[in-house]
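Quick mapping for you: the protein sequence lines, in order, are chains A and B.
Just so you know, this note's numbering puts 112 at position 112 of the first sequence, and the rest follows in order with no gaps.
In this note's numbering, each residue carries its 1-based index in the second sequence increased by 153.
If the Cβ cut is set under 10 angstroms, some of the chain B residues that face chain A in the computed set are:
no., residue
1, L157
2, A160
3, Q164
4, N211
5, E213
6, H214
7, P231
8, G236
Under the rule of at most 27 angstroms between Cα atoms (straight-line distance), these lysine-lysine pairs were calculated in the DSS-like manner:
no., chain 1, residue 1, chain 2, residue 2
9, B, K219, B, K155
10, B, K155, A, K122
11, B, K165, A, K122
12, B, K155, B, K165
13, B, K165, B, K219
14, A, K122, A, K61
15, B, K219, A, K61
16, A, K61, B, K155
Think of the hints as simulated: they come from the structure by calculation, not from any bench.
Yeah, the Cβ is synthetic: ideal placement off N, Cα and C, and Gly gets one too.
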Amino acid sequence: MNSIRIQTEDFDVTAECDALASDRSDIGAVVTFTGCARGDDNLSALTIEHYPGMTEREIAKHISESETRWPILGVTIIHRIGRLAPGDRIVLVAVASGHRAAAFRAAEFLMDYLKTAAPFWKQEERCSGTSWVEAREHDARAAVRWRDEFNNC
Amino acid sequence: MKVLYFAWVRQKIGTGEEHLALPAGVTTIAELIGFLRMRGNGYAEAFENPGMLRAAVNQEHTLFDKNICDTDEIAFFPPVTGG
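My request is simple: use the sequences and hints to build the entire structure.
Listed below in structure tokens is the structure:
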């Protein structure tokens, strides 16, 4: 069972892992990635907005693609929106599979596409004012390498 | 058609959503950008450098040469920065 949630509330990583693996015995690995708000350069807060509807579609599309590439048994993706403080959890990607390799690979793939395709935007607040975070070239390269890998198969 | 704006595009234009009739002579995203940037200060600023923008039609990422019609939901936004 896959779950995609966009929410203002925090999430409980342990509870999400338990939910992925509950009532089944075919899961041998659950890999999780948790992204947090880094308090670089005196960051006082982070505000995240998204495009409701398109966000869920983009994430679902990439979960479907990950399912065609690796034998995964369940995915939970949670992304928070609204105003967050340094240290707050922002995003969870949890992938369950029979074996660890598929779970690790799929989690990294999904995270790379969350960064470059899912329509979220971050605004940073500092004592000097607010500014929108700019997209990074290395995030785009991280996503493109999956495409290259796929095309080379 | 419904036109949505996000992040600094929304801030510059001053609204996140508006409904427009497809302007005469506009058939693509690029032509819609050309139309919108003529509408006034905030629009001119938001669409000053289209290379800094991304677009979606009906909630799918798209290039600016994409054809559009009056029933489409169109969105303009900066490159995404989630995760």
